[in-house]
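Quick mapping for you: the protein sequence lines, in order, are chains R and V. Residues are numbered in our numbering as their position in the first sequence, beginning at 1, plus a constant of 16. Residues are numbered in our numbering as their position in the second sequence, beginning at 1, plus a constant of 147.
In case anyone wonders, no lab produced these hints; they're calculated from the structure. It should be emphasised that the depicted structure is a prediction, and the values quoted were computed from it without experimental measurement. Don't take every hint at face value.
Have a look at the derived ranges for each label pair, beta carbon to beta carbon [what the hints assert, rightly or not]: (1) V:151 to R:140: 52 to 60 angstroms; (2) R:24 to V:223: 46 to 54 angstroms; (3) V:264 to R:205: 43 to 51 angstroms; (4) R:156 to V:274: 56 to 64 angstroms; (5) V:227 to R:137: 46 to 54 angstroms; (6) R:337 to V:255: 22 to 30 angstroms; (7) V:227 to R:205: 54 to 62 angstroms; (8) R:115 to V:200: 15 to 23 angstroms; (9) V:198 to R:157: 36 to 44 angstroms.
Here are some of the chain V residues that sit facing chain R, going by a computed Cβ distance under 8 angstroms [unchecked claim]: (10) 191; (11) 201; (12) 202; (13) 203; (14) 204; (15) 206; (16) 212; (17) 213; (18) 218; (19) 220; (20) 223; (21) 224; (22) 226; (23) 228; (24) 297; (25) 306.
Glycine included, C-beta positions come from ideal geometry on N, C-alpha and C.
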Amino acid sequence: MSIAAIDELSEPLVWPEEGVTRIPFRLFSDPEIYRLEQERIFRGPVWNFLCLEIDIPNPGDFKTTHVGEVPIVVTRDEEGEVHGLINRCAHKGALVCLKERGNAKMLTCVYHSWTYDMGGRLKGLAFRHGLRGKGGMPEDFDLARHRMEPIRVEVFSGLVFGTFDPDMPSVESYLGPVMSKFIRRNLDRPLHRLGMHSQIIHNNWKLYAENLRDSYHATLLHTFYTTFKINRLDMDGGIIMADDKWHHVSYAKRATFDEAEEYQKADVHSDQFDSKLEGPELLDAWDEFDDGITHSIQAVFPNLGIHFTLNSLCVRYFAPRGVDQTELFWHYLGYDDDDEAKTAMRVMQGNLTGAAGLVSLEDGCINEFVQRGTAGSGDRNAFIEMGGRDVESSDASRATEVAIRGFWTGYRRIMGIEA
Amino acid sequence: MSEGIEPGTRGRIEDFLLAYAHAIDDGDLEAWPGYFTEDAVYQITTRENHEAGLPLGIFYCESRAMMSDRILALRTANIFEPHTYCHMLSRSALSSNGAGITARTNFTVVRTMQDGASELFAVGKYLDRIVLEDGAPRLAERRVILESRRVDVLLVFPL
Chain R
17 MSIAAIDELS EPLVWPEEGV TRIPFRLFSD PEIYRLEQER IFRGPVWNFL CLEIDIPNPG
77 DFKTTHVGEV PIVVTRDEEG EVHGLINRCA HKGALVCLKE RGNAKMLTCV YHSWTYDMGG
137 RLKGLAFRHG LRGKGGMPED FDLARHRMEP IRVEVFSGLV FGTFDPDMPS VESYLGPVMS
197 KFIRRNLDRP LHRLGMHSQI IHNNWKLYAE NLRDSYHATL LHTFYTTFKI NRLDMDGGII
257 MADDKWHHVS YAKRATFDEA EEYQKADVHS DQFDSKLEGP ELLDAWDEFD DGITHSIQAV
317 FPNLGIHFTL NSLCVRYFAP RGVDQTELFW HYLGYDDDDE AKTAMRVMQG NLTGAAGLVS
377 LEDGCINEFV QRGTAGSGDR NAFIEMGGRD VESSDASRAT EVAIRGFWTG YRRIMGIEA
Chain V
148 MSEGIEPGTR GRIEDFLLAY AHAIDDGDLE AWPGYFTEDA VYQITTRENH EAGLPLGIFY
208 CESRAMMSDR ILALRTANIF EPHTYCHMLS RSALSSNGAG ITARTNFTVV RTMQDGASEL
268 FAVGKYLDRI VLEDGAPRLA ERRVILESRR VDVLLVFPL
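The following block holds chain V by itself, in its conformation from the complex (with noise of 0.2 angstroms):
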């Protein structure tokens, strides 16, 4: 599961893995672009489209500008009930390649409503690819596999 990928390197990765959903759960979304590099490429898409091979999925940026424009318009323009996430990440599995480090690691999101409501939101994998920018991890791509086809009500924030 750690094909050619040192040790401290593996705790780095994860480290980075688990800092990144915190920052969601935590409402720290002025932080999520900051995950990716400049040119990332960042989707939430569904197991149907993705098996399809379909390009368009539920959620879509390809620059951390992009990604800025989504948290400004969540921030400033969209409506929606107030909410938050809590994610519950599996270990990754990583290998290596010329491009970078592919991660695929399981994920369940529970969605907390203003009632109370603690449900399941999303569960599903992120497959990753993270290079080392100065010996720091960055997702140079994150594609969102939903298991299920169907939102609940809406999705605003990133997963």
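Bound conformation, chain R alone (with noise of 0.2 angstroms):
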């Protein structure tokens, strides 16, 4: 079937009739589908995640951030409003904070010296007279005329979102009630940073994004779980799904571990050794939750991650840097009233997961493994039916690709793919 609806491609995309469960490598290389992502996806009818609110606890502090390709900055004023804005002088269109993060009293480009205040209003520009009566602006010129580009930002539970929408609804509606539960139930507390780094990976952004939502590989690519015997799918856990498909939450519990036959008889790589750790306190953890879930990631569309693994909170993030780039951001978390016992748990554990994650480093590369396989063939489509062919949630099994599926449900709703 081909899609009426992206015809602007300079050939159609041809996308199987079966729907969710095959996706045409096409989409993970076609440079005009990037940049079509970028209006319909990112500009386009969602929130994105800008940074989190304790990037900017005080009056005058900004940090820089993206929606898809386009460098924001979001700031706080005098009057603790936060605001979200394209980081590009209104003048020349040079980026105006070089800077990550700090705090200032007003946003100067360095090319002219425009000058805004914290909410991106034009306060004054140099020249603007001109010099000894020559020179300068026309004299209709009028500073209100001119200002950074505002985006509409909302700060929901500590995480910042923002979108070049104007009639979206609010975060927590987006979100939808389960979705919104889940993330106050990890941040709705007071917040530190613990560390941050970033990482490339080598492929388009939504193999990140399936990847996030990959509850099946979870288990299979990621041995060191499997070999000191932490979390695998026979473990009690499930998928839940938001109403609309494309945001999720993949849960386990630990306690409830025993041995599932499938792993002995599929001789799967993960299970051919029993070792165990010379430092088994990097495991160390206790309960932070009374509904025993030890480990969870939330995916919320399209480009935020949230996980817990044991006492590591982590929310990761990412933007697109090209049709075949993306940088993904990690940002650990500790809780204001963590002692110092929990915060050297956290760090610890912090280990876990990241560039150097011992549970899941392969991530860095999995994804570009698929981007190479798939070069040259995108007249070819993925296969996508473990769990079956729904997109609905499942309590039952991890050992399926639900998820995936409700990303590319979303996915072809937004880009207008979707009958």
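Using the hints, build the complex out of the two chains.
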């Protein structure tokens, strides 16, 4: 079936009639589709994660970030109000904030000293009235008609979101009740940062978005878990889908671990040995919540993930850096009422994830392997039928690709592909 | 640059730091924990975290046992494209105090991947505390401070 809705493409995109169980590989390498996504998704009707509220705690604080490829600066003004601005001078378009983060009374473009308040309103510019009566702006120049372009922002549970769409409903209704509740479970307490870093992964952003929703691979590719018997698909767990399918939570309960026969029979490489850690204190953990969930990962369309791995809490998000490159950011957090021992444990368990994560470092390369494997095969498709063909929540098993199908359900809708 | 350090001690420490780098470059990762004291701290972090006083970096061990676990994990559990490192070290600035010898050494590490690309992977400084155990230098603490906050692909071998 070819798709009329994206006929801006020089060649029509052909998506097999099976729908979200078949994913055309072309979607991961076509620069035209990538450009269209910037407009329809990132600058479209979504809430993009911008930064944490703790990035900008005080009046005058700013933090630079991106919406898709568009540079953004998030600021807090004198009155404490949070603003999202395109980080681009109204004059010639130069970046206004060069530093990653900082505190300022005004934002000044270095090129011609156009100066803005923290809400992005133009307050002055160099040589407006010329020099010695010569030059300067025309007489009808009006400061009030020029400003850094604002985007809508909203703070939800310590997370700052932004959208280019003036008609978006609130973040909470975008997330839906189930996703909102789970974010509040993890983040609705005073937070502080423990550490941060980023990672360049050499793949299209959607491969990472899929990977974040892929509960099928978790214990097959990431064999540290199975080797040290921390988490396997036979632990009690499941997938909760948001009503609109493109956000989800995957969770597991460590205490319910038991040996499933399928692991023995399948002879999967993750069960070929039985190791013990020499330093087992790495995995000491306390019950953070009384719901028994010890591992969770939540994805919010398009660019946010939040995970709790034992006691390690992390907000991760990504920014596309071209059709085949993505920057992935890791922000590890603690609660303000953590004692020293809890902080030490969260620092220790930061080892499990991130660019050098004992559990998940493979995600740094696996999506690149797909990018490389699908090169030159734009007319072929991925096959996504694990756990069935539906996009409904699954409380029975994480041996499913339901959340990936959910991502593509949302993707087809927003790109105008869905019938 | 060598406050209170005997020339012979400097020589031993320089040889020791070089041997550490060569062990990793040669793939002898099982030897790596042996360069540390039993309860040594090893951390890879970023300049951004280090200067902000943030405790959580990218890679952290607080005993030789955890270092051995790292090596066992990367040999048996972790999956990644095979690659090698080549370390280049600067001369070390050394000073001596009651807790041992502190050393600061700049490094660059070039990583070579399967397709043959040799590219700059890491640049930064080692901030070390070195003690002598029966006259032999051992790292009691090594903080690897990366200049960049950004890691290309992934980081699996120690630096």
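Tested hints:
| no. | hint | verdict |
| --- | --- | --- |
| 1 | V:151 to R:140: 52 to 60 angstroms | holds (57 angstroms) |
| 2 | R:24 to V:223: 46 to 54 angstroms | holds (49 angstroms) |
| 3 | V:264 to R:205: 43 to 51 angstroms | holds (45 angstroms) |
| 4 | R:156 to V:274: 56 to 64 angstroms | holds (60 angstroms) |
| 5 | V:227 to R:137: 46 to 54 angstroms | holds (49 angstroms) |
| 6 | R:337 to V:255: 22 to 30 angstroms | holds (24 angstroms) |
| 7 | V:227 to R:205: 54 to 62 angstroms | violated (36 angstroms) |
| 8 | R:115 to V:200: 15 to 23 angstroms | holds (18 angstroms) |
| 9 | V:198 to R:157: 36 to 44 angstroms | holds (42 angstroms) |
| 10 | 191 | holds (7 angstroms) |
| 11 | 201 | holds (5 angstroms) |
| 12 | 202 | holds (5 angstroms) |
| 13 | 203 | holds (3 angstroms) |
| 14 | 204 | holds (6 angstroms) |
| 15 | 206 | holds (4 angstroms) |
| 16 | 212 | holds (4 angstroms) |
| 17 | 213 | holds (4 angstroms) |
| 18 | 218 | violated (10 angstroms) |
| 19 | 220 | holds (5 angstroms) |
| 20 | 223 | holds (7 angstroms) |
| 21 | 224 | holds (4 angstroms) |
| 22 | 226 | holds (5 angstroms) |
| 23 | 228 | holds (6 angstroms) |
| 24 | 297 | holds (5 angstroms) |
| 25 | 306 | violated (10 angstroms) |
Hint check: violations occur at hints 7, 18 and 25; the rest are consistent with the structure.
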